[in-house]
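Following the hints, position chain B against chain A.
Read off the chains here:
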Amino acid sequence: MSITSLLNPPPLLVEIGPDWLKVRHGQDSAEFPLDHGPDGRLTALGKGKTAAALKNFLKAKDWRPRIRAWCAISSRGVSLRRLSLPGGAKEEFQQRLLLQIEAEFPLPPDELAWGCLPLGQSHPANGTLARQDLLVAAVRKTWVADYQELLRACGTEPVFTLAATARWNWCGQPADSFAMLDVGLRQSELTLFEKAVPTVSRIIYWDGKNASNPAAAPLETLAEAIKGSLTGSRLWVTGPAVSKEFTERLERLLGHGCNCERVENPPVGGSSAAILGLEKYAAQGATPALILRLEPGGSAATSLAALNWKTWGTRVGVLAAACVLLPYAEALLLKPHLERKVATFKADAERLKIIDRELDFLRGLKLSQPPYLDVLFVLSKSAPPGSRFDSLSLNSHGEVSLRGGFHDGQQVADFRNKLIASGFFTNVVVEEQVPTPDRQKVNVRMSAQERTAAELAAASAHLALDDTKNHEKAVAPGAVPATPSAPPISGKEAK
Amino acid sequence: MNRLQALTDREKRTLRFAGVGIAIYLALFGGFEVWKYVEAKRADYRQLALDAENLRQHTLPYRDKVQVVKKLMDEFHLDPARLKKASVVSDASAAIQKAARAGGVQLGPIRETPAHGSSATLATMQLESSGQAPAILSFLASLNTIGFPLVVDSVQLSADKNRPDQVKMNLTIIILNFEQPSESKEAVHA
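Protein sequences appear in the order of chains A and B. The first sequence begins at 1 in our numbering and counts up by one. The second sequence begins at 1001 in our numbering and counts up by one.
None of these hints come from the bench; they were simulated from the model. These figures come from a predicted structure and were not determined experimentally. Be a bit skeptical, because a hint or two may be false.
To give a feel for the contact side, a few chain B residues facing chain A, derived at Cβ under 8 angstroms [claimed, not checked]:
1. Arg1042
2. Ala1049
3. Arg1063
4. Lys1065
5. Val1069
6. Leu1157
Where is the CB? At the ideal position from N, CA and C, for every residue including glycine.
Isolated chain A, as found in the complex (with noise of 0.2 angstroms):
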């Protein structure tokens, strides 16, 4: 079951028969008994049996919404009457409507469940307001309202129509003046269309039982019944065992040139026309037109009244302990878990010290790096073309030393002044500065110290820019640039 389906159910779609039921409900059907009592009103005994059947087809549980249950009633006790009102405004015109019904029908609207279906406005004559037809179907309101409290006592929400318009909307809503005629066993319906606006529906108490075999069924009696009633040149014939040679014969018996068409026997099995019709007014997502209120207008305030207070009470109570309680419930429920997880954490922690160490150990190996081939290049970067160098030593202290030899002391002090300015070295000293022999060159041996290590890293990266842009510089425009690559020392520092 979709969570769609669970908040959204399919309706329930009831045929309400003289003493039975007929219900549809998705693809299972099912069909219930009615027990009626002297007055004709459902008994107490059989209406709770059938709630408590109809209960268990339907599998309703309290907590989920209301299912929407379409009811075909009948024609027993239904009187159609077509009503002209002035027009004017809608509680006017309903003052009216009221008043008109309580003059047409032998109960007052109030002991009556009744509905109305717009037919149009006709034309006025000149200097009077334009009038409403207006089709109103009315039964007593005891018999439907029997029906309501069965329904909704299983869980539904009911409507009611005539099962003459469903019926009407099985047989694909043809628009012409007809009749319809519906066998049943013990009683049949017959229904009067004009211009698809049911006008006189009655019972007809003829027996079809034998329905199925047209050659014992006496449909001269049925015949004689309908045939001063009907209009237009068409009758359609439903009922569950109407066959093809029971409308032949009940159309030579009716004669004047009237044409009985069967409509086809209900595909789906136990579903009679209104009950089908019922379904494709659903599928349509449409309602039927004609629906018979029980309390027009008030269905909020009934609603309100008929809340029970029990369950609701019952329900806000239960809310209220579930919030106070729950808290506790987390933590009896919830603790075991939440020590087991915090057990595992812990015995993994080890992890965690294995990660600092490594972390620590790794950053103090890249602290430890002395920049060998920085100091390197800067060295072969301040030394002047011609310089020899014969010795060069470097330490993870940062000390520096050198021997080599230059063309003369202006050489040097320029060397020296190179290294100073390259923010690598303090302390650059000339430790021993001897011309040779033949005075041509000068032999130096000097020593520096590296600065610290954040302030190599900064004259590093002013090196690297400061490379960058001679590169650049020294590149023709145009020219593709070459890849920078190592250093360039070799053949200085060591010649």
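Quick look at chain B alone, frame taken from chain A:
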């Protein structure tokens, strides 16, 4: 003869009141005890949840630390967890010699000195090598990435008098003890 007298209505009422009173007392007492029990459980749980949250906060920086460790390991081509203290010196020596051979550097005498006083170092190696200047520099640069915790303590470069196009290099290499917290040598460059 029945020695127990039948209870009067007054006595029955008294007993009923007493029973109700005792029941109320037991219900209140029991309820209080139950409430105390679950409240204690809840306090324990909250403390545990707090501990768990602290642990979570404690581990949050480790995501960044792991990234830094990975970066440094990639930089040095070095995974300390795979090194074995017993064989790291010999393996490092072999790797250095292999790197020298691969770079076209000729190796001379190699001397290993085990560390005695310091727990931060495992051994010190002194090696003499010679080769052309580019090869020597490449070899010097490759020592950082041969996969062992090495620090070049000193470098001595000099001209090879017998072969004018060659450079002689004396190296002192320290093999660090990767199982001990490293001592930063940042201050030595002062």
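Do the hints match the structure? See the list:
{"no.": "1", "hint": "Arg1042", "result": "holds (4 angstroms)"}
{"no.": "2", "hint": "Ala1049", "result": "holds (7 angstroms)"}
{"no.": "3", "hint": "Arg1063", "result": "violated (10 angstroms)"}
{"no.": "4", "hint": "Lys1065", "result": "holds (5 angstroms)"}
{"no.": "5", "hint": "Val1069", "result": "holds (5 angstroms)"}
{"no.": "6", "hint": "Leu1157", "result": "holds (4 angstroms)"}
Comparing the model with each numbered hint stated earlier shows that hint 3 is the single one that does not hold.
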